[in-house]
Structure formats: C-alpha cells, structure tokens
Amino acid sequence: GQQLNQSPQSMFIQEGEDVSMNCTSSSIFNTWLWYKQDPGEGPVLLIALYKAGELTSNGRLTAQFGITRKDSFLNISASIPSDVGIYFCAGLLYNNNDMRFGAGTRLTVKP
Amino acid sequence: DTAVSQTPKYLVTQMGNDKSIKCEQNLGHDTMYWYKQDSKKFLKIMFSYNNKELIINETVPNRFSPKSPDKAHLNLHINSLELGDSAVYFCASQYQDSRGELFFGEGSRLTVL
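Protein sequences appear in the order of chains A and B. Going by this note's numbering, the letters in the first sequence line up with residues 25 to 135, in that order. Going by this note's numbering, the letters in the second sequence line up with residues 165 to 277, in that order.
Hints are supplied without guarantee of correctness; some may be wrong.
[What the hints assert, rightly or not] So the derived label-pair ranges between C-beta atoms look like this: (1) T177(B) to I52(A): 12 to 22 angstroms; (2) P32(A) to E217(B): 19 to 29 angstroms; (3) G40(A) to P225(B): 25 to 35 angstroms.
[Said to hold, decoys possible] Dumping the calculated DSSO-like pairs for lysine-lysine here, alpha-carbon to alpha-carbon at most 27 angstroms: (4) K216(B) to K204(B); (5) K205(B) to K134(A); (6) K235(B) to K204(B); (7) K208(B) to K231(B); (8) K94(A) to K208(B); (9) K204(B) to K94(A); (10) K173(B) to K231(B); (11) K216(B) to K75(A); (12) K235(B) to K183(B); (13) K205(B) to K173(B); (14) K183(B) to K205(B); (15) K186(B) to K173(B); (16) K208(B) to K173(B); (17) K183(B) to K231(B); (18) K231(B) to K200(B); (19) K216(B) to K94(A); (20) K75(A) to K94(A); (21) K94(A) to K200(B); (22) K186(B) to K204(B); (23) K134(A) to K231(B); (24) K231(B) to K216(B).
FYI, nobody ran anything at the bench for these hints, they're computed from the structure. Ideal Cβ placement from N, Cα and C applies to all residues, glycine included.
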C-alpha cells in the first residue's frame, strides 16, 4: 500500500514556540488531511486539503497541500499546552475509501 | 450524544478466547471503518464497509470478522485471540463523498494475556 513518511517523530517545545511537521509519499494523493489524537481519545480532523497548492488555516494551524501532490505540511503557531498530542497526516486517493495514515508526530509543549 | 460510540472501552481476555467489539454511529454516515492502533500509535486500516457492503479488507487474519447489520453499525468479532492482537481498535465513519473526513470513536483497548 501507499506509504506516508511523517516527520519528525516527536517534538519537545516551549510554550509560545511555532511548530512545523510534514508528510511525504512516493504516491500521489488527491486529498491530504491532518488529524490530532489526544490521550485516550480517537483522532479528530483538524484540516482537510483538496487541491494541489492549497493553503488552509484553522486558527493557529496552517496546512498546505504540496504542488507535487506527494507531500503536505502542518504548522502550529504560538503553541499552548493543550496542543499536546499526536498529530497524524493522512492521504486519500480519489474515489477511494482507503485512507492511509502517517506514523504520527508526538508533540510535547512545556509551559 | 456521542457520534461514534464503541463498546467496550476496555477488554482484557485470555489467549484463545473469542470476543466482539461493537460500534454504532448516529451521524447518518454510509461508510464505516475499523482501524487498529498498535503500541507505537501506528494507525492501520482493517476494514471498510459502505452501506453494509465490504469495500476494503486489508491483509487481516481471517480470525477477524466484521459484521454490519445496518449502515449505522459495524461490529468486529475476533476468534482465537492471540497476544499480538493486543491494541486499540478504532471505529470510524464518514459520508461516502466526504473525502477522508472521518469521525472516530474513542477506541476499544484490547489486552490479550
């Protein structure tokens, strides 16, 4: 199946810092998504991207769908303690219910 | 009201036993999934059902059998449990055309002793 390479694997940052994580693949996807998982919960959708080059914001979060359709990044500005969690990228082929997830980026924010 | 609900939330059982996890969604979605999350937090798709029909069946041992009595329910039955089956199992649902916008349940943590 299609592999998504997500990095970094983990990040330890100070409250107020900006965060950047990305996802790459050897396959072309028509949809890129970013999810966040809090401890003991299921993943929750943060941002969905549907067109190559698309840049979308959701509050302090900004994500982009790479021009090549093989990558995406997520930025979090001015991090706060509740940003702690695991962030997953996910890719979806067109007309396909089979969504693949990256391995996740575990974010720790120190107050 | 919980949108996607799974039961039980925790399940501890002995190797060789048979167990089931139930999932219900009240969102009116027509596609449902089971994902397995291992100890390293990697999420792997197991099954996908669309309007009670099996769409995706990844290389999952045939000890795992999904059952969808109607489009709001997707249950997972596991026979002859093995140690490696220990994981968190997530149910999820979406509208067929929503392009990846999944709603996940809270997960069912299965521990096989």
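Structure-based check of each hint:
Judged by the Cβ atoms, the range 12 to 22 angstroms given for T177(B) and I52(A) is violated: they are separated by roughly 42 angstroms. Between P32(A) and E217(B) the beta carbons are some 39 angstroms apart, a value that contradicts the proposed interval 19 to 29 angstroms. In this structure the supplied range 25 to 35 angstroms is violated for G40(A) paired with P225(B), their Cβ-Cβ distance being about 47 angstroms. With a C-alpha separation of about 31 angstroms, the suggested pair K216(B) and K204(B) falls outside the 27 angstroms cut-off, and the hint is violated.
Among the hinted pairs, K205(B) with K134(A) is consistent with the structure: their alpha-carbon atoms are about 22 angstroms apart, no more than 27 angstroms. At most 27 angstroms may separate the alpha-carbon atoms for a hinted pair to count; K235(B) and K204(B) exceed this at roughly 31 angstroms. Restraint check for K208(B) and K231(B): satisfied, since their Cα atoms lie roughly 19 angstroms apart, inside the 27 angstroms limit. In summary, the hint linking K94(A) to K208(B) is supported, as the alpha carbons are separated by about 20 angstroms, within the 27 angstroms threshold.
In summary, the hint linking K204(B) to K94(A) is supported, as the alpha carbons are separated by about 24 angstroms, within the 27 angstroms threshold. A distance of roughly 19 angstroms separates the Cα atoms of K173(B) and K231(B); the hinted pair therefore holds under the 27 angstroms criterion. Between K216(B) and K75(A) the alpha-carbon distance is near 31 angstroms, which puts this suggested pair outside the 27 angstroms criterion. Restraint check for K235(B) and K183(B): satisfied, since their Cα atoms lie roughly 22 angstroms apart, inside the 27 angstroms limit.
Simply put, K205(B) and K173(B) have alpha-carbon atoms about 17 angstroms apart, close enough for the 27 angstroms limit, and the pair holds. At roughly 22 angstroms between alpha-carbon atoms, K183(B) and K205(B) fall within 27 angstroms of each other, so this suggested pair holds. At most 27 angstroms may separate the alpha-carbon atoms for a hinted pair to count; K186(B) and K173(B) meet this at roughly 10 angstroms. The straight-line distance between the Cα atoms of K208(B) and K173(B) is roughly 19 angstroms, inside the 27 angstroms bound, and the hint therefore holds.
Restraint check for K183(B) and K231(B): satisfied, since their Cα atoms lie roughly 13 angstroms apart, inside the 27 angstroms limit. Proximity of K231(B) to K200(B) is assessed by CA-CA distance (about 16 angstroms); at most 27 angstroms being required, the pair is judged to hold. Simply put, K216(B) and K94(A) have alpha-carbon atoms about 32 angstroms apart, too far for the 27 angstroms limit, and the pair is violated. Annotation: proposed proximity of K75(A) to K94(A) holds, straight-line Cα distance about 12 angstroms (limit 27 angstroms).
Our distance criterion of 27 angstroms between C-alpha atoms is met by K94(A) and K200(B), whose separation comes to about 25 angstroms. With a C-alpha separation of about 24 angstroms, the suggested pair K186(B) and K204(B) falls inside the 27 angstroms cut-off, and the hint holds. For the hint pairing K134(A) with K231(B), the CA-to-CA distance comes to about 44 angstroms; that exceeds 27 angstroms, so the pair is violated. Annotation: proposed proximity of K231(B) to K216(B) holds, straight-line Cα distance about 8 angstroms (limit 27 angstroms).
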